[in-house]
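Here is how the chains run, residue by residue.
Number of protein chains: 2
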Amino acid sequence: MADASAIHVNLGARSYAIRFDALQRCALAMEQAGLLPGRCVVVTDENVAPLYARALTQVLSERGWTPHVITCPAGEQTKSLHHLSALWDEILGLGIDRRTPVLALGGGVVGDLAGFAAASLLRGVPLVQVPTSLIAQVDSAIGGKTGINHATGKNLIGAFHQPTLVFADPAVLQTLPAREWTSGLAEVVKHALIASPSFFRFLQTHWTRILDRDVEIVPEMVARAAQIKAKVVAEDETEQGRRAILNFGHTFGHAIEREAGYGAFTHGEAVTLGMRAALRLSAHLYPDADFTAARQLASALPVHPNPAQLDVPTLTKAMYFDKKVKQGRLRFVVLDEIGHALVRDVQDEALLADCWAAALT
Amino acid sequence: MADASAIHVNLGARSYAIRFDALQRCALAMEQAGLLPGRCVVVTDENVAPLYARALTQVLSERGWTPHVITCPAGEQTKSLHHLSALWDEILGLGIDRRTPVLALGGGVVGDLAGFAAASLLRGVPLVQVPTSLIAQVDSAIGGKTGINHATGKNLIGAFHQPTLVFADPAVLQTLPAREWTSGLAEVVKHALIASPSFFRFLQTHWTRILDRDVEIVPEMVARAAQIKAKVVAEDETEQGRRAILNFGHTFGHAIEREAGYGAFTHGEAVTLGMRAALRLSAHLYPDADFTAARQLASALPVHPNPAQLDVPTLTKAMYFDKKVKQGRLRFVVLDEIGHALVRDVQDEALLADCWAAALT
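Which chain is which? The protein sequence lines are W and Y, in order.
One gets the numbering used here by counting positions in the first sequence from 1 and adding 101 to each.
One gets the numbering used here by counting positions in the second sequence from 1 and adding 101 to each.
Chain W extracted, bound-state conformation:
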């Protein structure tokens, strides 16, 4: 079992800790990460602010920090140049210096937006990720990817900027809307499928309690999923190679998000459908492997909108816009067994159409 209280992300001079603890100990953890109390900036959104902003600023103030809170609108639309520019203006207006940390209190949207602001202000100020969604605690807050969307695609503008600390309180996950919880579970299942047969068995065994957010199970599940992300990131900081396996289901999934219009499917729902397609592709490429249990778990992840309306030729075309496409070739992360992923080029459009059909019906 993974240590449920701290994970070390080993990146040489940019190493950092992921700590799982009550929000009340966040300021202490910041000191332990080498940040000296002074001014700090807390970026959050309108959903999270009423729940946790006051608790966090109170803790920060008690330990000598002077927090300034900026509350953005909730939702994917906030990952825009408009909101980034507004953050730059407000934070630079405070007269910050290079030691002033930016805390991202929220889910993936806040983490990506505030993270890119931290990456680009004064060519980089310290970033503390305080993820409050499941997807952020196990995935997006770990690994340094930050950025905003562009008219031509998601996450096309951004930076790799490693946080100084990731501080995650699993208790806050109890207040997540149901659809965000199950969307986050898609990335949890993905981490198991690409990297850990034993974690996959853990998910199978405890699946009902996991869907119910059982407080006895959630902290271990979150820590084990985060551990996988941390390990893959440490092997490949800027996605030159190995890190690509984290995109299992994502080449298909990004096409769904793009085609359906961002927000119609949650990211996790698109990844769920994408994993179903990628499992079909894996079965084509590795006919001797048994993916039955993987298909069952991927099918147990709820997807709210009906995907049958999506147009397969348009989805295939949309995949060519993915920023991981290199020199016009489509690449996919596939499994050769449960718990082990690899990258393959695929040119066969009839095969891809079959994978889409398996995922969408």
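Just so you know, these hints were derived from the structure itself, not from any lab.
On a predicted model such as this, the values are computed, not experimentally measured, just so you know.
Among the hints, erroneous ones may be present.
Derived, one-sided and incomplete: chain Y residues facing chain W with beta-carbon distance under 8 Å [said to hold, decoys possible]:
#1 251
#2 260
#3 261
Reference excerpt, derived from the structure (chain W facing chain Y, CB under 8 Å, subset only) [claimed, not checked]:
#4 182
#5 184
#6 186
#7 194
#8 220
#9 225
#10 246
#11 257
#12 259
#13 260
#14 261
Pulled from the structure, derived: some chain Y residues nowhere near chain W, Cβ distances all over 12 Å [unchecked claim]:
#15 125
#16 161
#17 163
#18 224
#19 247
#20 252
#21 297
#22 341
#23 398
#24 444
Each residue gets a CB set at the ideal place from its N, CA and C atoms; glycine is no exception.
Starting from the known structure of chain W, arrange chain Y on it as the hints suggest.
Only chain Y this time, still in chain W's reference frame:
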């Protein structure tokens, strides 16, 4: 004497070469740096484009590249969010991938703007600096600093993004306007003062020929100045410590640029005045050192506008906005002898006023 054809910037996985050669060999050098011919983007400005854009694109095309040229207005105003956003739109509209290099053909403005675009597109694409000004060849194109200006100050938004290659043709310096040449010499003198007594003697010995841009002297001068920048950068990639010595004269100089309005003084002229102030400060702090020769060379650097009109209390206040100010303390790079720099905190405003007076009269 430094090797006049290539310098290695030692930054581990982010190491790169600075090559001094005729523009015609740029595409070959890109291949040697590991870039594979395909689409590339050349960002330049309206002054440089008529002189060198066609020559560069021709060479690129001959070796299998498909260059797309983007020409920005010349001048500091171009280092703005407006122009950055336009670059993002145009380059993403091309459907680039993560291997598509951005070439910055121009001076410091183009290098900083195109460099930050390269840093932020798809979380980082390869950057080739092709500096055409003296200040860019010996200073701004080396070391990975990129960025744009903000209403609250210069270079407040940006990233450290190391180039894959710096390719500098000293012959293009012959077409520089006179004031840009002498402005670039300010950084050359600065490099000698902070790091190399022997290079300082070289500058003294050849000063008249240097002012005349003697083609026998310029390539060695450029290579030796660039070598100093490369060495300091290699010791401190992200300006945590040692790299600060490159800001000799800059805390004063930035205040002049801010107070006089950007463009009234060139950056080099502001640095020249700043170095005169910093030499006065050095003489206060190290009364046994002899800075006579340094003062003479700093006085031999032309400054076109009359600095006597500048208001000293306003300049002192402006220094507190510098992004190197940490926790509200003013820090200065000073010399304890010619060729050796260090950082000192200074609180004495009367002393600073005396330094300003020495520099501005």
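Now the hints, each set against the structure:
1. 251: Result: holds, 6 Å to nearest chain W Cβ.
2. 260: Hint holds; residue 260 of chain Y Cβ to chain W Cβ min 6 Å, cut 8 Å.
3. 261: Result: holds, 6 Å to nearest chain W Cβ.
4. 182: holds, 6 Å
5. 184: Since chain Y brings no Cβ nearer than about 13 Å to residue 184 of chain W, farther than 8 Å, the hint is violated.
6. 186: holds, 6 Å
7. 194: OK, holds: residue 194 of chain W within 8 Å of chain Y, min 7 Å.
8. 220: Result: holds, 7 Å to nearest chain Y Cβ.
9. 225: holds, 7 Å
10. 246: holds, 7 Å
11. 257: Hint on residue 257 of chain W: holds, closest Cβ of chain Y at ~6 Å, below 8 Å.
12. 259: Residue 259 of chain W check passes; min Cβ-Cβ to chain Y is 5 Å, inside 8 Å.
13. 260: holds, 6 Å
14. 261: holds, 6 Å
15. 125: Check passes; 27 Å lies beyond 12 Å.
16. 161: Fine: 17 Å to the nearest Cβ keeps residue 161 of chain Y off the interface.
17. 163: Holds, since 20 Å exceeds 12 Å.
18. 224: Non-interface label fails for residue 224 of chain Y: nearest chain W Cβ at 5 Å, not farther than 12 Å.
19. 247: The assertion about residue 247 of chain Y is violated, with a minimum of 8 Å to chain W.
20. 252: violated, 8 Å
21. 297: Non-interface label stands for residue 297 of chain Y: nearest chain W Cβ at 27 Å, farther than 12 Å.
22. 341: violated, 9 Å
23. 398: At about 31 Å from chain W, residue 398 of chain Y clears the 12 Å cut-off, so the statement holds.
24. 444: Per Cβ check, residue 444 of chain Y is outside 12 Å of chain W; nearest 14 Å; holds.
Taken one by one, the earlier hints fail for this structure at numbers 5, 18, 19, 20 and 22, listed in ascending order.
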